[in-house]
Every structure is written in structure tokens, then in C-alpha cells.
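Peer 1: Listed below are the residues making up each chain.
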Amino acid sequence: MTALLKVEGLRVEIARRGRAMTAIDDVSFEIAGGEILGVVGESGAGKSVTGTAVLGLLEPPARQAAGRILFDGRRIDTLDEDAMRALRGKEIAAVFQDPLTSLDPLMTIGDQLTETIRTHLDLTQPEAVERAARLLAEVGIPAPRERLASYPHEMSGGMRQRVVLALAFSCEPRLIIADEPTTALDVSIQAQILDLLRAMCRERGTAVMLVTHDMGVIAEVADRVAVMYAGRLVEVGPTARLLAEAAHPYTRGLMASIPDMHRRDVELAQIPGSMPRPDAPVPGCAFHPRCPHALVRCASERPPTFAVGASEVACWLADPVARSAA
Amino acid sequence: MSGGKDTILSVDRLTVRFDASPSLIKRLVTGAGRRTVHAVEEVEFEVTRGSTFALVGESGCGKSTIARTIAGIQPPSGGSVSFMGVDIAGFRTRHAAMPYRRNLQMIFQDPYASLNPRWRVGRIIAEPILTHGLMTRGAALTARVAELLETVGLSPGDTAKFPHQFSGGQRQRISIARALAANPAFIVCDEPTSALDVSVQAQILNLMKRLQRERGLTYLLISHNLAVVAHMADAMGVMYLGRLVEQGDAAQILARPLHPYTRLLLDTVPDPRAPKRARARLSGEVPSPLAPPTGCAFHPRCPLANARCARERPRPLRVEAALVACHAVEEGRLPSCPPANENCLATSGDAA
Chain A
24 MTALLKVEGL
34 RVEIARRGRA
44 MTAIDDVSFE
54 IAGGEILGVV
64 GESGAGKSVT
74 GTAVLGLLEP
84 PARQAAGRIL
94 FDGRRIDTLD
104 EDAMRALRGK
114 EIAAVFQDPL
124 TSLDPLMTIG
134 DQLTETIRTH
144 LDLTQPEAVE
154 RAARLLAEVG
164 IPAPRERLAS
174 YPHEMSGGMR
184 QRVVLALAFS
194 CEPRLIIADE
204 PTTALDVSIQ
214 AQILDLLRAM
224 CRERGTAVML
234 VTHDMGVIAE
244 VADRVAVMYA
254 GRLVEVGPTA
264 RLLAEAAHPY
274 TRGLMASIPD
284 MHRRDVELAQ
294 IPGSMPRPDA
304 PVPGCAFHPR
314 CPHALVRCAS
324 ERPPTFAVGA
334 SEVACWLADP
344 VARSAA
Chain B
112 MSGGKDTILS
122 VDRLTVRFDA
132 SPSLIKRLVT
142 GAGRRTVHAV
152 EEVEFEVTRG
162 STFALVGESG
172 CGKSTIARTI
182 AGIQPPSGGS
192 VSFMGVDIAG
202 FRTRHAAMPY
212 RRNLQMIFQD
222 PYASLNPRWR
232 VGRIIAEPIL
242 THGLMTRGAA
252 LTARVAELLE
262 TVGLSPGDTA
272 KFPHQFSGGQ
282 RQRISIARAL
292 AANPAFIVCD
302 EPTSALDVSV
312 QAQILNLMKR
322 LQRERGLTYL
332 LISHNLAVVA
342 HMADAMGVMY
352 LGRLVEQGDA
362 AQILARPLHP
372 YTRLLLDTVP
382 DPRAPKRARA
392 RLSGEVPSPL
402 APPTGCAFHP
412 RCPLANARCA
422 RERPRPLRVE
432 AALVACHAVE
442 EGRLPSCPPA
452 NENCLATSGD
462 AA
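Residue numbers (this note's numbering), protein chains in the order written: chain A, 24 to 349; chain B, 112 to 463.
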């Protein structure tokens, strides 16, 4: 099966005071058609920067310094602005955390939908209005035809995020980059939006790159998970396996630090220290100063990716040579 | 409610309303009436000394308003808040409120907004000590600030630094050191870890638990994160649209929730340890506190609602170690809840 999105050796640098800091370092992953890949990590791990790079929206001082991004077998990181804009919104759509930043406060919901639809699809205005109303009905907005005349401020946060989903799906994209799509919402509304996103993607075969800091959200919707740490991918694997038996010490520490609803009075596991910042990179494995299992080589040699079951793990502990010797 | 011997805080029929009316001129011109936000309505609960009481609920349910009222920032519209046996609404002057303020400190959600960016850490932590006249400037005060920094896991050398030189988790440690400075008995924690990453959250929650053990602190924890509440709370109250719908022993409520709202809320929380489970969904959205529904405020979203729920407000009813305000519970119409609260309300599975 060929991948819909293929990111190879992506490296993003941010220029600061004449020096180039590495925000994303040698990140490679794939998303198959119709697949939901969760990209998870803590603040500053580089998950949003990765999504921004795929959308072609990196702005100075950030720039792609190495690597390739392929969409449907075609290289898209070298496309000029016009070609990329034609692709964005049509083939690749985006959903961001705050629905108010994705919606124009001075335009009605209907105008925003029909503008997007007519930019990318060859439809007449009445046809576009028809399509917009159908989309609003599909995302669960009551009285969709009347709602076309509403402004974003007249809707609740949950309703606005439904409109953003309608916008994202308006031109039948094949890939959606969703960056913390439910972080600003209450849990009951979050569950509604996640259900809706998952149902719409399943129905249409739309692939999703879901960027989030919340392992709970990952557990709800993702088929596979990619865990990022300090600008690198440390572990990629099927969701159920990764949540149940993480292989990378960072992923294990992260899971253990999440309070368990059903077990109280246990001390939460702590990962000592904090994540290295891009202006102070760590040699070898970026996690080694905090890792309880670090080997001598971890401090100097950066671990390649090893296969552990269905997962891929960037950790020397997963090295089959070392494991057979042990 | 009468305060028992170990009760440190007693909240009785607390009501907070905000006037959201248009201006007088607008009201005269358009004929619009006055509008009132019913933020908190007749809330009653007690907190036992040395324990953690958690208030949970979604945005706008009134939990932060209660925290602000208890901290003395927001005056109540009705009812009373009694702290260490003294009614806080009775204070006439700032001076009279001082001893109360010393014993009651607050930690806020955003450690970037709650620390003065122009003050060095040493001054931030020394301020409550000086304000309450506990010590005067000098070597003893310097030593006390250093000791507080060490207590929260920072270094005494950090006193000369500014808040921007610290990470989010470290700033929350500074907030905790400041809250501890006046040696309080009670700390109101309003979403103390919501702005932090999970691994940092674990550090702060462990620190809070250790301080409670060592100093016998009492916490009022305001949180929307039920996993955090499960980890921290001895007792909890669940709020919906300004009212407490269920309160009691935290372990019991989390294991066997009774109110339909509590059940659905627990069912909507994504759990990384139980991926893609089938579960009931909470349909619809929270109604506006400007025009709360009649009867039980939850009835428009409740799968068990009947005509009585729409008409009559349910009164809190004692069930084991909990108080529940629900007609369905009272009338025995509640479906039994399987262990590990999976799909307590399967009837609404197609609701979302």
C-alpha cells in the first residue's frame, strides 16, 4: 500500500540571533489513505511545527532545512505558493485549536463556506449554497439553512468547531491536519467533536494527522500514534499496543505520569528534569539525561529506529543486537 | 448544615448572581428588562480539616465563582461562607479580614499571569510574610524564603531571578511557595495544573500531596479534569449550571455515580487506559445561566427526564455517603450501574 502522506528526514530550523536552532530533526513517518495518525508530545516537542511544515505554512524565521514531504507520491515541499494554495483547502485541509482563528468574524458562516467551496470546486453560487447547507446538517447544526446567515460570534464554541469541521470537509479533502482540535472545549463537547471527526473520516476515507498533547484523545480516535520528544520521533506504533505496552522509556514515563481514574493514593511517576530546549541540544539520544535506563552509548550516539513488534522505537534498549547479548 | 468539629469551611446556601443588564438608557429605549446571570445557586457543602474537597464541572458551571467567593474576591449575593467559624461576609474592613486572609491562600491556573513579572522571586515570596506582619526584613526573612523555595523543589539561589527565567512548572512551584509563605491552613487551588504538560502536572500533584501530608493542609481543588480529581480528592461536588447536583465521598462517586449528569460526565472522559471503548454520550450543550431551565437544570439533556423533572427542582437526597439532587434517583428510576461505570446510560448511546 502506498502512503498518502510521506514525510522523509524532515528537518526544520529556526534562525535566532544569527544561529540556526533545530526545531525538528530527522522526522520520518507515513499516513495511509483513511488512516488517523495521532502525533503526541509535550509543549515544544515539535508536533505543531511538523503539521505546519506539511501544510506548507512555515514562515521565517522557521524553514525546512532538509527532508522531503510527499503527498500521493508527489513532492509538495518544493511547490510554489500558488500551487500549494490550490492544494491546501482542496486536498489537504486544516482544523486548528481555536475555532475563532479559523473563522472570519466579519463574514457569515454561509459566505465563508461558499467562498471556500467555489475557490476549489467548479460550482455555481446556488449549488455552493446547497452544498454548504448539506455540510452544516452533516456536522449536526440544527436549522442549517437559517444558520448560513449567522456570524461566528452568534454560536457557541462547540458549534463553531462544527462549522470549522464543515469548512475542512467542504471540498472533500484526502488529508486533514487537525492541531489540538478539541483542546479549547469542555469534555462533553470534546467527545461530540471527536465522534463527528471520526465518523466523517471513516465515511469518506479521509486521512487525519491529529496533533494533540492529550493521550486520552489519542486513545479515542487514533489508529496509530507517533510520539515526539525534543523535535524527534521516539516511538511510532498501533494505538492499542503503544498505550498498553510502550517500548520507549519516554513514552512509558509519560503514560505513568497520567493520573488513573481508577487507582488513587499511588504516587504519580515523575520524569525528572525537563525537555531540552532547541537552543541547548543534547548529544546522543535527546532523552538520555532524564532516562532511568540510559546506557553509556546513549550520551554520544543517536539511536536509529528499531522495529519492536508492530512499533518503531528510536532507543538503544530496543537494539536487537544488544537485546540478544543481554 | 451545621459545622462539625473538624469542619474548617462551611458553605451554606451560597448564591452569587451577576447583573448583566443593558445600560439604563438602552433599557428605556428598547424596553429591554434587567438580566441576571445565575452563577451560583444555593450551594451547600463542608470541607473537613486536612482533606481535599474537589469541585468539578464544565465551563460556566460556577466552580471558579465559588472559589473566588471563598477567597474573598467575590462578595456573595446570598447565603454564607464560614471559615474557621467566622462568617467571611461579616468583615467590615480589610483589617478585620487579615487573620482570615492569612489562613486562606490561593493558587491560580496560569502561572504566567499570577506572578508579577517585574518582581524578583525573593520579593514575590516574602510579600505575604511582610503583609501579614509575620516577620520583618532581615536575615531571618531571607532564610525563610530560601527554606520555602527548597520546600517546593527550587533552589535558594533562585531568589534573585525573575519569573520569566522559569518554566511553567517551576512558576507554579513559585506560586505554591508564595501560598505557603504565610503558613495558611487552607489553599484554594483553581485548576492548578490545567496549563501544564502531564509530566509536569505529575510533579506538581505529587508536591501538593506531600505538602498536605507534612503540614495538614486543607485544599479546595477546582478542576475540570476528573483524573486529577480522582487522584487528589477525598470528597467532591459535581456542579451543573450553578448548582451542586451530587456531592460526597470522591471514591464512591467516581466508582458508583448516581446523578445522570455525573454518570455521563464520567463516561465522556477519554481514558488512555481504555482506548476506543463504547460509551454513552452527553448530547446538547450547557444552557445559558441567563435563563436556566425550569425544574432540574439538567432535564433538557437528561435521558431519564420526565414531566416532573421539567417542573419541580429536585432536592438533595442522601444515598450512602453522597447527596444527590435527582428525581430519577429518588423515584428509583435509575438504571443500575455496572462495575467500572461502563455505559451507565446505554439508552443515550446514539445521542451524540
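Be careful, since some hints might not be right.
To be verified - DEER-style ranges, computed between Cβ atoms: (1) B:271 x A:39: 42 to 48 Å; (2) A:261 x B:170: 45 to 51 Å; (3) B:142 x A:138: 22 to 28 Å; (4) B:238 x A:305: 46 to 52 Å; (5) B:255 x A:303: 54 to 60 Å; (6) A:303 x B:155: 23 to 29 Å; (7) A:39 x B:253: 35 to 41 Å; (8) A:157 x B:160: 55 to 61 Å; (9) A:327 x B:170: 42 to 48 Å; (10) A:261 x B:366: 50 to 56 Å; (11) A:43 x B:238: 57 to 63 Å; (12) B:155 x A:267: 51 to 57 Å; (13) B:421 x A:169: 25 to 31 Å; (14) A:141 x B:124: 38 to 44 Å.
Rather than coming from a laboratory, the hints here were simulated on the basis of the structure. Each residue gets a CB set at the ideal place from its N, CA and C atoms; glycine is no exception.
Peer 1: If a hint holds in the structure, say so; if it does not, say that too.
Peer 2: Status of each hint after checking the structure:
1. B:271 x A:39: 42 to 48 Å: 26 Å, violated
2. A:261 x B:170: 45 to 51 Å: 34 Å, violated
3. B:142 x A:138: 22 to 28 Å: 38 Å, violated
4. B:238 x A:305: 46 to 52 Å: 37 Å, violated
5. B:255 x A:303: 54 to 60 Å: 33 Å, violated
6. A:303 x B:155: 23 to 29 Å: Taking Cβ atoms as reference, residue 303 of chain A and residue 155 of chain B lie about 52 Å apart, which means the hint is violated.
7. A:39 x B:253: 35 to 41 Å: 37 Å, holds
8. A:157 x B:160: 55 to 61 Å: 60 Å, holds
9. A:327 x B:170: 42 to 48 Å: With Cβ atoms ~45 Å apart, the hint holds.
10. A:261 x B:366: 50 to 56 Å: Taking Cβ atoms as reference, residue 261 of chain A and residue 366 of chain B lie about 31 Å apart, which means the hint is violated.
11. A:43 x B:238: 57 to 63 Å: 42 Å, violated
12. B:155 x A:267: 51 to 57 Å: With a Cβ separation near 43 Å, residue 155 of chain B and residue 267 of chain A fall outside 51 to 57 Å, so the hint is violated.
13. B:421 x A:169: 25 to 31 Å: Holds, at about 26 Å.
14. A:141 x B:124: 38 to 44 Å: Taking Cβ atoms as reference, residue 141 of chain A and residue 124 of chain B lie about 58 Å apart, which means the hint is violated.
The structure shown violates the earlier hints numbered 1, 2, 3, 4, 5, 6, 10, 11, 12 and 14.
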